[in-house]
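Enquirer: Now for the letters of each chain:
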Amino acid sequence: MLIRSFKEIYQYRDLLLSLTQRDIRIKYKQAAMGMAWVFFMPVLAICSGILFRLAMAYFKGASPVMADLVAVMVKSVPWLLFAAIVGGASNSLIGNLGLITKIYFPREVIPLSTLLSALFDFTISLTGLIIILVGIGLFSGEASPIILGTGLLWIVPLLAMLIIMAAGFGLLFSCANVFFRDVKYIVQVMLQFGIFFSLVYFSYTELGDWGWMLLLNPVAPLLEAMRMAVIDGTIDPAFYPWLIYSATVSIGGFLAAAMIFEKAEYLFAEYA
Amino acid sequence: MSKRSAIQVNHVWKKFRRGEFHDSLRDLIPAVARRMMGKRLKDGELAEQEFWALSDVSFEVNRGESLGIIGPNGAGKSTMLKLLSRIIRPNRGSYNINGRLSALIEVGAGFHPDLTGRENIMLNGTILGMSRKEIAGKLDQIIDFAGIEAFIDTPVKRYSSGMTARLGFSVAAHLDPQVLLVDEVLSVGDAKFRNKCIRHMHKLIKSDVTVIFISHLLHQVRTLCPNTLVLDQGKMIFLGQTDEAIKTYLEVLGDDSAAMDSDVVTARDAEVRNITLLDESGQEQLHWQLHRPGVIEFDLTLHRDVDQPSILINLSTIGGVYIGTANSMRAGMTLPDKAGTYRIRFELDPMPLANGDYMLELVVRDGPNQENLLWQIRHPYMVTVEGSRYLGATITCDGSWQVVESHTAIDAENRRLAGMTFSSKQADHR
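Residue numbers (my numbering), protein chains in the order written: chain A, 1 to 272; chain B, 1 to 430.
Among the clues, some could well be false.
[As the list claims (entries may be wrong)] Going by beta-carbon spacing under 10 Å, a handful of chain A positions derived as facing chain B:
#, residue
1, 10
2, 15
3, 25
4, 26
5, 29
6, 91
7, 100
No lab work stands behind these hints: they were computed from the structure.
Bear in mind the structure is a predicted one, so any value in this text is a computation, not a measurement.
Virtual Cβ for every residue (Gly too), placed ideally from N, Cα, C.
Between the sequences and the hints, there should be enough to build the whole structure, so can you do that?
Expert: Listed below in structure tokens is the structure:
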């Protein structure tokens, strides 16, 4: 059944592309900040994080550590991707009811197109982040907090897991939103405060004995692993179970969401 | 299913629900759970507040044929098309479509106001199921058909509604379907563009495309579809020749006096009820012979004393072209102005109208210049002209004809024989 879905989405790939293009164009047309907007959110998130780290260092009576600031950057940008995908996808179906009630096409295309346009923004901010990190690396020479090596390859599967997880939540919430309009407010609030519960500004090790509980948030182990890959150059094998947990939630959640979406999809036009 | 069959619909039922869908989470969760488990509660039964939007509809359309679907508002026409285009699913029954399906349910659905015409063509085209390559290849044709070359790089939000509709239709018209579902979209744009659309539909039908066509414009249905299905409250009430179908439809509209009453604007200061159409001999007629004298009788109720009331009966073609008005004031008729109910009778002189459907609209106004609207019929009354000797055009322009001069070789010979040359005739004239 899912295979049929994927096949159909592939048939409608041109529509997916068109909708993505539309989303991107609309965002930057008639916008005061234009493309600068792509950097606005990450810069703001990173600045808040740095402020947070500086405050923590001040209360500890220590001077801020560069590695901690880099960790904030490395975690903020993927977190924003996650938030953009889930937030965007959640509103996508009700934002396109006009199409859903009038024309047939695989409905998955709509949340997926918001995912692609979020990826477009992410690619740009990621490029910015890489430039900054390389700059920090060159500037701090021997004392560089970034370890260039094979450990960085971890980023690829970690990002993939994060995107699949976001896609799963996005599909689920977009579908739920058609039936209950308050879902979008719930999602909005969750994403707003989620940054503090996803270990973006600090690490689970800093929270003492109960820090591991935050790793139950399936986004958190992925972000923590990204920090380890960049700053430690490797991931501690003791952390692998948490990664397996996240990967399971990611893939299992996505498949479950896709299945629910497919079951509910033909009701959209009626319940909308 | 025969080889020639393009669309086959077998005993399709579809239920909808009135009112709010979910009052609370408590109601919804079990309902959704049931649906998701695929165990819907007895499909054939209606829960409270549910009704059949379609009940037991079956028909078949062969390849290259066209079928019209007509019926009053809420008959289930659009529901039928939504089922066929897979937007919603039937509760019972099945249908089968052979060939690439396209649906023109609303032109320009998916247009984004901030995108330019060109960008929207790409977007709308892919929404309708075309590939980007296909659209790129047809881009010039699409722009040309819509006739908006000058504005193609302007955002659609700056278009007039007519331009938007034309662009929408133009994209849709360049789909390459084998089965085409059309819902009430051929009424876009001006008369010239409408004709272009109709010609395009004819071309499609000739080229072996199967068409299902929904319209309230009966003359369009008549020109495009040899056969028509009449739906009323979700039920098939007629399937067959279009002319017969239109008759059945008009009877449904006319007979249903309850529906008729709900069709009028809520009475304010005046209202008109119990409209009857009579022929010259006083027989009640649904199919009025307008080329002969006709009579309209109705009850006029004034809820208060009014100032110089007047009644206007507007006549227009079913395509909306206004033909004329019978104005009680202009005719020198002084209507009663005290509150009360009066039976009014209007005798209409014969008019040179062709066979076809026409709409009658009743309006009650008051004031010396007819400036205040007291009451207006919401949906025009439909009358059919039959047995007219005038065919083709809406109105026949009569007059008398004669030949007053002729110049042929035989004439010239005759004149020569009579010793009277053409030039000398001209000289005479001078």
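Enquirer: Hint by hint, say whether it matches the structure.
Expert: Right, here's what the structure says about each hint:
1. 10: violated, 12 Å
2. 15: Residue 15 of chain A check passes; min Cβ-Cβ to chain B is 4 Å, inside 10 Å.
3. 25: Nearest chain B Cβ about 6 Å off; hint holds.
4. 26: holds, 6 Å
5. 29: holds, 5 Å
6. 91: violated, 16 Å
7. 100: holds, 8 Å
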